[in-house]
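A.B. asks: Modelling step: build the complete structure from the supplied sequences, incorporating the hints.
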Amino acid sequence: MERLTTTAMIPDAFRGTRDDMAQQMGMVWEQVKFPLVIPLLKVAVMLSLAMSLMLFIERLYMGIIILFVKLSGMKPDKRYKWEPMQDDVELGTSSFPMVLIQIPMFNEREVYKLSIGAACGLSWPSDRLVIQVLDDSTDPVIKEMVERECERWASKGVNVRYTIRDNRKGYKAGALREGLKHSYVKQCDYVVIFDADFQPEPDFLRRSIPFLIHNPQLALVQARWVFVNSEECLLTRMQEMSLDYHFTVEQEAGSSACAFFGFNGTAGVWRISAINEAGGWKDRTTVEDMDLAVRASLKGWKFLYLGDLQVKSELPSTLKAFRFQQHRWSCGPANLFRKMVMEIARNKRVSIFKKAYVIYNFFLVRKIVGHVVTFVLYCVVMPATVLIPEVEIPKWGSVYIPSLVTLLNAVGTPRSFHLLMYWVLFENVMSLHRTKASFIGLLEAGRANEWVVTEKLGDSLKTTTGAKAIRKPRIRFGERLHLLELAVGAYLFFCGCFDVAFGKNRYYIYLFLQSIAFSIVGFGYVGTIVPSS
1 MERLTTTAMI PDAFRGTRDD MAQQMGMVWE QVKFPLVIPL LKVAVMLSLA MSLMLFIERL
61 YMGIIILFVK LSGMKPDKRY KWEPMQDDVE LGTSSFPMVL IQIPMFNERE VYKLSIGAAC
121 GLSWPSDRLV IQVLDDSTDP VIKEMVEREC ERWASKGVNV RYTIRDNRKG YKAGALREGL
181 KHSYVKQCDY VVIFDADFQP EPDFLRRSIP FLIHNPQLAL VQARWVFVNS EECLLTRMQE
241 MSLDYHFTVE QEAGSSACAF FGFNGTAGVW RISAINEAGG WKDRTTVEDM DLAVRASLKG
301 WKFLYLGDLQ VKSELPSTLK AFRFQQHRWS CGPANLFRKM VMEIARNKRV SIFKKAYVIY
361 NFFLVRKIVG HVVTFVLYCV VMPATVLIPE VEIPKWGSVY IPSLVTLLNA VGTPRSFHLL
421 MYWVLFENVM SLHRTKASFI GLLEAGRANE WVVTEKLGDS LKTTTGAKAI RKPRIRFGER
481 LHLLELAVGA YLFFCGCFDV AFGKNRYYIY LFLQSIAFSI VGFGYVGTIV PSS
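Residues in the sequence shown are numbered consecutively from 1, following UniProt numbering.
To be clear, the hints were calculated from the coordinates, so they are not data collected in a lab.
When the alpha-carbon atoms are kept at most 16 Å apart in a straight line, the in silico EDC-like pairs for lysine to aspartate or glutamate are as follows:
#, residue 1, residue 2
1, K143, D166
2, K186, E277
3, K504, E392
4, K113, E201
5, K320, E455
6, K320, E450
7, K436, E450
8, K113, E147
9, K339, D283
10, K75, D308
11, K113, E149
12, K42, E390
13, K169, D283
14, K299, E343
15, K339, E444
16, K156, D127
17, K113, E151
18, K42, E392
19, K312, E231
20, K312, E201
21, K282, E178
22, K78, D308
23, K181, E277
Beta-carbon label-pair distances, calculated as ranges:
#, residue 1, residue 2, range
24, K33, I509, 22 to 30 Å
25, M27, I57, 39 to 47 Å
26, H182, L404, 48 to 56 Å
Glycine included, each C-beta is placed from N, C-alpha and C at the ideal position.
C.D. replies: And the structure:
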């Protein structure tokens, strides 16, 4: 008996139906492609290139400012008066201003001792210092532990006030606002804020407070963060690269060019009168720190960033904690921009240059365009041009501008230059999450005011003691899947295969690498391990 082929086994009627369907789908695609898809893709390319140029010019502008600052030697003590704090024999400690330290906490089992101990160890007269531990913990065991630690330091003569609330209204902003309402705060001139994982050096106040004493126009002195667990894993190294650029370039450029930048929410010293004049802490967004900074700036106050004043802190080392943090950091600024753009534009107390800087440079380019163009151009539009070869992206937009922007970003962390490719791929993956968060903030959608405290694991303590952590899986495999990342990864992989087979742009190397990066994050193989108890 003659062997039947697969084709022969398929009825002719079915083959005809199948071919007809394929032809019909092809005809529909051709009818939609030219009048609709190609024009839309061309518009997307033009918008993406415009945003890419905006981002490049912004990066170049900040780079020029930093270069000028370095070459001209414009150090903070050259631009502002600074004199060391001296003990006065006649006046005694009364020559030192009263300083309030605020440490907001929420179930900080792993790190509460570190921040309280570091604050209590600051070199400042004990009768001129008040330490407020603002504990919003919901775990009664942790609350008792924190209260006991405060009592331990109080028994040593440190003025520590353990403060709790009946509710968590306003989250961190609400806690800070309530803390300033106590009667003893009226005696204080300045307030310093440290999150629960921050560990200032003993000379922190002696290096920062003099700038505020001798320069009445200054409202804020911001210190730089350094990270005790940056070597923990690749996730923390990637974060270090991004944050080092933020502090080395963005904060320094803002401080030097127009005495304005976003308060980082911690490791900063505020003049209390400036906070009051700006309207105090508000909880209308998840970036209460940036909200206060913008309002204070619109009142004419100036800010100073001290890059050489460093405070140790911890980076989130799990993907879940990092994603929550990035949602808050991306959604909050976009939401604040929506609420304040007209208020900024109508303000009469600051110059047009400063208003333009805040609206365009600070908010629009850095907080919105930077996220959107990274995802849209490199993860949506560029792959789409592989499938639709009638639309092309010029080489300056697909290669030269991205390369220059990447190199400008690399100046923040020279020691991690060899990780630059991994950083680019990881940032592109996270741009999906940040873009989504930015639109949620702009549209004030469901999760616009979601506040999740960043999980801290106390890595600083483990680093100090030299103990090696035993590791175990944090969550089950099925619970760590991220479907959006997997969908984008599949889309990029398909475009890469299409480019290999039919394309002419040779994007497939990038597309395959980026697809792998999206898939790794999508399957949860980043930051999924934590030290076991």
